[in-house]
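Asks: The chain contents come next:
There are 2 protein chains.
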Amino acid sequence: MREVAVIGVGMTKFGELWDRSLRSLGIEAGAAAVNDAGIEGKDIDALYVGTMSPGRFVRQEHMAPIISEYSGLVDRHIPATRIESACASGGIALREGFMAVASGLHDIVVVGGAEKMTDVPGSVATDTLGMAADQEWEAAFGITFPGLYAMMARRHMHEYGTTKEQMAMVAVKNHKNATLNPKAHFPREITMEQALNSTMVADPLGLFDCSPVSDGAAAVVLAPLERAREFTDRPVVIAGSGQASDTIALHSRRDITTTDATVAAARMAYEMAGIEPKDVDFAEVHDCFTINEIIATEDLGFFKKGEGGKAVEEGRTQRDGEIPVNVSGGLKAKGHPVGATGIAQTVEAVLQLRGDAGKRQLKDVEIGLTHNIGGSGASCAVHIFKRGW
Amino acid sequence: MREVAVIGVGMTKFGELWDRSLRSLGIEAGAAAVNDAGIEGKDIDALYVGTMSPGRFVRQEHMAPIISEYSGLVDRHIPATRIESACASGGIALREGFMAVASGLHDIVVVGGAEKMTDVPGSVATDTLGMAADQEWEAAFGITFPGLYAMMARRHMHEYGTTKEQMAMVAVKNHKNATLNPKAHFPREITMEQALNSTMVADPLGLFDCSPVSDGAAAVVLAPLERAREFTDRPVVIAGSGQASDTIALHSRRDITTTDATVAAARMAYEMAGIEPKDVDFAEVHDCFTINEIIATEDLGFFKKGEGGKAVEEGRTQRDGEIPVNVSGGLKAKGHPVGATGIAQTVEAVLQLRGDAGKRQLKDVEIGLTHNIGGSGASCAVHIFKRGW
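Protein chains in written order, with the working numbering: chain H, 1 to 389; chain V, 1 to 389.
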């Protein structure tokens, strides 16, 4: 397999973008990534698009050729492929693009992720997201994602003494981080009091434990490392790629305080990159609910099982902590247009490694990790990035 | 890139399968392919699932981990990825599986395709299929796929003198072929009179010019050719893989009597396989409407542009003709559970090359081709198969 590098990144602002369509978001992100890479449309050999449910959100399937056409790429009739794995659609699309380049089948590949979630009433958005759970054994009985993650939180609290305060600290940290990110949906601080006293959604998760329903898109341009220097002097290498699956229904898991798909995908990525968790300098993890950032930091091996809550409390995941987590603001405050999330995490990793992260730039970072989950953990993609120069 | 072989195939019966769920169909096809390959679940490294719109048809996204779980593969947490490209979802999933093996990332990969279309009223099925067209510029104004293909047919008739009789001959041929296929949705002959006098759907296309709404699933097992002999003495090699895209809306094409995505995907596949159209011994093509078989046989290079209708009339695409087309019955009579179609075509190609096609076995065939289209031609996958022994 060839080594694969990211040579360009781009993303739209995340938020409630009433005046934008799904395709226009995809094009904006793609064009930004292409410009960042300094390539032209004619250089692109293939396109991957991660998006969860455009059929339900905007009544449109078959999104990949649409993005290709509306990006002006139609003349070369390039392969354009949509990947769906619920909220992990972006991360898994990245892996497919990585594979296309690594295999030698394609050279320059654009991977985008996009979702337009606010054109439907809130109940339809929640209902659609519920299709990432088991329709026959979970969703049909009325449960939605806040309820599933609430059960994971409750069990984590029971097993390990994790507290509501610790979960609130995840939200406070990520909102503070988002103030440094001009693309964030909610770039404003919240207090512990606000977090702890917010409207109850599914006990113990309050409103500020939940990521928002957002619109947005992100894109990256991939190339074989051996050709990357034609385009940039700061290629970022995809050093590790892992993907794993688990039972779709939460009740079938051996343990609901851990996501085994994260453990398996991380193992695969660490092995490919030849590194250990302690080598990671920063991570963008899937904090769809605050409890999931705590679980992720354990499952990724940054902290021992059960100590993720304490680690937040001790500030170890802060910007200036030993392993900064979600310096972009995370899904919680940057926003969570589901198909875009895995790619937006990649954008952040690349910007940080290149030193292009503006006000939120971390110092001396050499290895970054992204962690993207679908559903309550039935699918997961983990990627590891390092400097290619 | 490594050479890739198909080492096992399986499919369900196609039809109106009222007592079956989408997941049960996927599992049945997958188990049949795994048994045919003589492997066990623990041998499988990754899973790809092509399905167009389970979110609309059965209220379930995130299908790939479901198929993995319900197939009993959950313990190894293998990567499980859904591909969607409307009715080309299966063919493009095959290409992604091919890439996964060719790259060296995975060894044994199962690729399945499935759709459950009959659990919704007919109007919902038509509406959902319409999401493969441009929602903003086509579907929103009321057109559905019979109307789009009717315009393609009308223009083909105008440009090349293609007749309604020639289109009816496609239907009569494919229904006759389906009588030899125990898996077919409609394994019965129709007469020219029936075909020509059937209920008008969208002038000039009558009911018998249209493929049916079907349920069904199909699956194949892939392995690197260098390992294929561990499992079978008759591995079938994927000699060529092509994929291409085009404008999503029919009105934006340079010419609506041809599908440029077919031309581009075929060129890519022929080049990879190092063959020409005349080397192909038989083909399974995307006859979603009879006109599209005629267009496909031209665009794939079997006949000159405009001569596809005449070729049918002359019997050149019959079982005993120079290039048998859709000996399985095609989408028209075998059925068209959209996500399954590209994989079912692959199953037919493999059975024919192995000599396992039962009553419908062709004599002395060495190279087979499959052609799978999404929408009115916005995406296309073409694959070429040959014996690996």
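Accuracy of the hints is not assured; some may be wrong.
Now the stretches of chain V that chain H is said to cover, found in silico as 3 or more residues with beta-carbon under 8 Å [to be verified]:
(1) 24-38
(2) 99-113
(3) 124-134
Just so you know, these hints were derived from the structure itself, not from any lab.
In this text, a Cβ means the ideal position worked out from N, Cα and C, and glycines have one as well.
Asks: Which of the listed hints are not met by the structure?
Replies: 1
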